[in-house]
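In case you want the letters, here they are:
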Amino acid sequence: GAVVSQHPSRVICKSGTSVKIECRSLDFQATTMFWYRQFPKQSLMLMATSNEGSKATYEQGVEKDKFLINHASLTLSTLTVTSAHPEDSSFYICSAAPGQETQYFGPGTRLLVL
Amino acid sequence: GQQLNQSPQSMFIQEGEDVSMNCTSSSIFNTWLWYKQDPGEGPVLLIALYKAGELTSNGRLTAQFGITRKDSFLNISASIPSDVGIYFCAGNLNTGTASKLTFGTGTRLQVTL
Numbered sequence: 001g002a003v004v005s006q007h008p009s010r011v012i013c014k015s016g017t018s019v020k021i022e023c024r025s026l027d028f029q030a031t032t033m034f035w036y037r038q039f040p041k042q043s044l045m046l047m048a049t050s051n052e053g054s055k056a057t058y059e060q061g062v063e064k065d066k067f068l069i070n071h072a073s074l075t076l077s078t079l080t081v082t083s084a085h086p087e088d089s090s091f092y093i094c095s096a097a098p099g100q101e102t103q104y105f106g107p108g109t110r111l112l113v114l
Numbered sequence: 001g002q003q004l005n006q007s008p009q010s011m012f013i014q015e016g017e018d019v020s021m022n023c024t025s026s027s028i029f030n031t032w033l034w035y036k037q038d039p040g041e042g043p044v045l046l047i048a049l050y051k052a053g054e055l056t057s058n059g060r061l062t063a064q065f066g067i068t069r070k071d072s073f074l075n076i077s078a079s080i081p082s083d084v085g086i087y088f089c090a091g092n093l094n095t096g097t098a099s100k101l102t103f104g105t106g107t108r109l110q111v112t113l
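Those protein sequence lines, which keep their order, are chains A and B.
Just so we're aligned: the first sequence equals residues 1 to 114 in this note's numbering.
Just so we're aligned: the second sequence equals residues 1 to 113 in this note's numbering.
Honestly, the hints are just simulated from the structure, not real lab data.
Some clues are possibly wrong.
If you want the footprint, here are the derived chain A segments under chain B, 3+ residues with CB under 8 Å [claimed, not checked]:
no., region
1, 74-83
2, 103-113
In silico BS3-like pairs for lysine-lysine, Cα to Cα no more than 30 Å straight-line [what the hints assert, rightly or not]:
no., chain 1, residue 1, chain 2, residue 2
3, B, 51, B, 70
4, B, 36, B, 51
5, A, 41, B, 36
6, A, 64, A, 41
7, A, 14, A, 41
8, A, 20, B, 36
9, B, 70, B, 36
10, B, 70, A, 41
11, A, 66, A, 20
Each residue gets a CB set at the ideal place from its N, CA and C atoms; glycine is no exception.
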């Protein structure tokens, strides 16, 4: 149980285009999902908290207009990187919380912006 | 953002040896979690601790929630090559709600034959 999937697993795009990443909780409902960003050899940095049916809460320094989050159902949250630039290249990981203290993570999406 | 301090930062050990790593914070946390991350993958939950002083095992792994609620340790007994990876501790301030985690800086473990 507690399986979280992400799609795509990796994506390469041209600078200026937008990329959408999906996060799904496969066997539980998640009222809250989280989006993280991880640079090589570093820890996970929280970008935003996504609550089903409401606006996401962004961490300080994260541009909400650049990283659009939609949590349309209890099993799906999406992160859209708009007008991507090379500095947005990173490993993006989502997690889902089934209403308790524990978070279960997806396998991550590696984004490369050329 | 805030991070928890993990030590050691990295360690090389021989197969069969026991491993110990810890995580400390200047703030109190109500839940401590230990995750393992393999290269190119998302973190996988190893152990969750919910009460101060709690000692929990998961196979060869044992973790304890410090009595002050400001620290936690993770032990791995009889290490094997597949234990290689990065181990992260994470703390949650709130109980019973899906609030955000504060992550440790990570301990990179390498096991030699």
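Hint check:
1. For a cut-off of 8 Å, the count of residues in the region 74-83 of chain A with a CB near a CB of chain B stands at 0, and the three-residue condition is violated.
2. Only residues whose C-beta sits within less than 8 Å of a C-beta in chain B count toward coverage, and the region 103-113 of chain A has 7 of them, enough to reach three; the restraint holds.
3. For the hint pairing residue 51 of chain B with residue 70 of chain B, the CA-to-CA distance comes to about 12 Å; that is within 30 Å, so the pair holds.
4. The hinted pair formed by residue 36 of chain B and residue 51 of chain B meets the criterion: a straight-line CA distance of about 21 Å does not exceed 30 Å.
5. Distance check on the hinted pair: residue 41 of chain A and residue 36 of chain B sit about 14 Å apart at the alpha-carbon level, within 30 Å; holds.
6. For the hint pairing residue 64 of chain A with residue 41 of chain A, the CA-to-CA distance comes to about 25 Å; that is within 30 Å, so the pair holds.
7. Distance restraint check for residue 14 of chain A and residue 41 of chain A: the Cα-Cα separation of roughly 25 Å lies within the 30 Å cut-off, and the hinted pair is therefore satisfied.
8. With a C-alpha separation of about 26 Å, the suggested pairing of residue 20 of chain A with residue 36 of chain B holds against the 30 Å cut-off.
9. For a cut-off of 30 Å, the pair hint linking residue 70 of chain B to residue 36 of chain B stands: about 21 Å separates their Cα positions.
10. Restraint check for residue 70 of chain B and residue 41 of chain A: the C-alpha separation of about 25 Å stays at or below 30 Å, so the hint holds.
11. Taking the CA atoms of residue 66 of chain A and residue 20 of chain A, the gap is about 12 Å. The hint holds against a cut of 30 Å.
The structure fails hint 1 only (numbered hints given earlier).
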